[in-house]
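Make the full structure from the sequences, and use the hints.
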Amino acid sequence: MTRNSFFLHVCILVLMWTLLGAAWNVLGGFAGQVSFGHAALFAVGAYTTIILYLKAGLAPWWGMPVGGLAAALVSLPIGFLCFRLRGPYFALATLAVAELFKLVALNWESVTAGPVGYLITTLPPVRLFGTRLDWEGKPPFYVAAALLGVIALGTTGWLRGSRLGAYLAAIRENEDAAEAVGIDTVRAKVVTLALSAFLTGVGGGFYAFYFRYVDPDAVASLNLSMEMIFIAVVGGLGTVGGPLVGAAFLTAVGETVRARFQVGHLLAYGLFMMLVIRYMPEGIWGRLRRMVPGRRRDGAA
Amino acid sequence: MIGIGLTVVFGVMRIINLAHGEMVMLGMFGAYWGHLLLRLDPFVSLLALTPLMFLVGTLIYRLLLERIVAGGELNTLLYTAGLSLLVSNVALFAFTADYRTLTLSYGLAPFRPLGIAVSVPLAIAFLLALLVTAALALFLSRTDLGRAIRATSQNREAAVLMGIDVRRVAVITFGLGTALAGAAGALLAPSLYLYPTVGELLIVKCFVIVVLGGLGSVPGAIAGGILLGVVESLGAVYVSSAYKDGIGFVLFLAVLLYRPTGLFGAGK
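In the order they appear, the protein sequences are chains A and B.
Residues in the first sequence are numbered from 2 upward in steps of one, following this note's numbering.
Residues in the second sequence are numbered from 172 upward in steps of one, following this note's numbering.
Derived by calculation from the structure, the hints in this document are not laboratory data.
Backbone N, C-alpha and C fix where the C-beta goes; we use that ideal spot for every residue, glycine too.
Among these hints, one or two may not hold up.
What the hints assert, rightly or not - Pairwise CB distance ranges (calculated): (1) A:Val151 to B:Ala329: 48 to 58 angstroms; (2) A:Arg279 to B:Met333: 30 to 40 angstroms; (3) A:Pro116 to B:Arg339: 44 to 54 angstroms; (4) A:Ala147 to B:Val261: 33 to 43 angstroms; (5) A:Leu59 to B:Val421: 32 to 42 angstroms; (6) A:Asn108 to B:Ala425: 51 to 61 angstroms; (7) B:Leu309 to A:Leu276: 39 to 49 angstroms; (8) B:Val261 to A:Asp218: 13 to 23 angstroms.
Claimed, not checked - Output of the computed footprint for chain A on chain B, the stretches with three or more beta carbons under 8 angstroms from beta carbons of chain A: (9) 247-255; (10) 308-314.
Structure below.
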């Protein structure tokens, strides 16, 4: 079955961004903590995966969850540092942390190979259900990405219905009140960040796996953090389907702009970000859902 | 100067403007084209650019930002993030990503006051920045409008009760912040590389400075700027020149954690 390779590539991108958008959404949409530093977690995942593969021979499909775990571990001190702050101060602090990470990635050459980065030249073929996958074509990546997307959305869906989800909603609306009611806000935030970090790290690992090249500008830049935020916000902050819609929309727009004009896909992102906040603060998906008659979600943001 | 613009905007309107860096970039490019096309010395085109940027700022506020501010600080933050991407990418489009430099005929002449080598344009920029800062300080403390701005920054509701047209103050303040940024851009143009995404680099430094001094505090921003400059230079020599930017961040985080109102305690 042959498919347009570019189309598959776009789909893979959409799915990867859905994962990342959902990861950010867990912290930003559900818990209300806007982080500008998720690129740091992404980078940890990406570097861990690629280094484990190139130096220790650990296949990337195992490396990805390890990358996720590494990111989750790293998120603990970050959370410890930043969660004392609220709102915009938290955002700025995460920004500073992420920029620090980028600096470290650029300069700690013994570990991260600095600005040169790491390159995967070949991936080991694998036998799955009798067919041999050699990772040269897109379909296997598509399946992997789809799996990750499902996991991401499934996790956020579960989170929304869970007790932790309820705690997060309380924290998002009024953190002091939540504390007063007896919610352990610190623990809730830390767990949420760890979860968000894990998903982000896995996303980073997938990036290393699919794009095969990791360097500080690609995986640790502020732009990356911003893209994650945009996807979650444009799609629908705090919703489950939001990141998918956001990723699809922004990727479609971005690739179209890129095909026509070569540069400036970020321009579209910025523009839509502004439009959405101004006219559709609950995001595209949020707005669509509101238009469905008769369905009233409990406590929708 | 850039920091002052940012801190004033925050103080009055509680807006954290991520697009501030882009305003500087616009100022820089304005000076560049002025020099290239009209042979205007940037320190001269400053006089035209500043009011122009003021206008741009007021327009941005009126047309774009005003409605968003009501939605809360985080929304505004995200919105200005989008704006910053928009402006820098439009510039990327229009000006291409090439690095440019603005060289002045007297730019390379050696200048050694007190035996320290100083570049002439930078020295002029410094002096002008001092001048502007002093003028601004006078404006804020002596004129009615200046005092209105400070009052709104301290306590918005009280300002309304005192009969201050808060909305007008907000528009003017934002314009002022933008004008400062643009002017700073023109001053810096001969000394830095010009490229459309220079705003990213500047805005981060700018935030560090502003938080160091206390968001909303003008003297804080000044002190913060000096502090950062000194720390960075010393750090480059004694610690490691690769990590010199990192020192600013570490300082930033330390201040956020231990004295979130800033060293001069005027922040929120």
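The hints, checked one at a time:
In this structure the supplied range 48 to 58 angstroms holds for A:Val151 paired with B:Ala329, their Cβ-Cβ distance being about 54 angstroms. A hinted range of 30 to 40 angstroms for the beta carbons of A:Arg279 and B:Met333 is consistent with their spacing of about 31 angstroms. Our hint of 44 to 54 angstroms for A:Pro116 and B:Arg339 holds, since their Cβ atoms are close to 49 angstroms apart. Judged by the Cβ atoms, the range 33 to 43 angstroms given for A:Ala147 and B:Val261 holds: they are separated by roughly 36 angstroms.
In this structure the hint that A:Leu59 and B:Val421 lie 32 to 42 angstroms apart at CB holds, the actual value being about 33 angstroms. With their beta carbons about 20 angstroms apart, A:Asn108 and B:Ala425 fall outside the hinted range of 51 to 61 angstroms. Our hint of 39 to 49 angstroms for B:Leu309 and A:Leu276 holds, since their Cβ atoms are close to 41 angstroms apart. Taking the beta carbon of each, B:Val261 and A:Asp218 are about 22 angstroms apart, inside 13 to 23 angstroms as hinted.
Coverage of the region 247-255 of chain B by chain A holds [criterion: at least 3 residues with CB-CB distance below 8 angstroms; count 7]. Taking a C-beta to C-beta cut-off of 8 angstroms, the region 308-314 of chain B contributes 0 residues in contact with chain A, too few for the three needed, and the coverage statement is violated.
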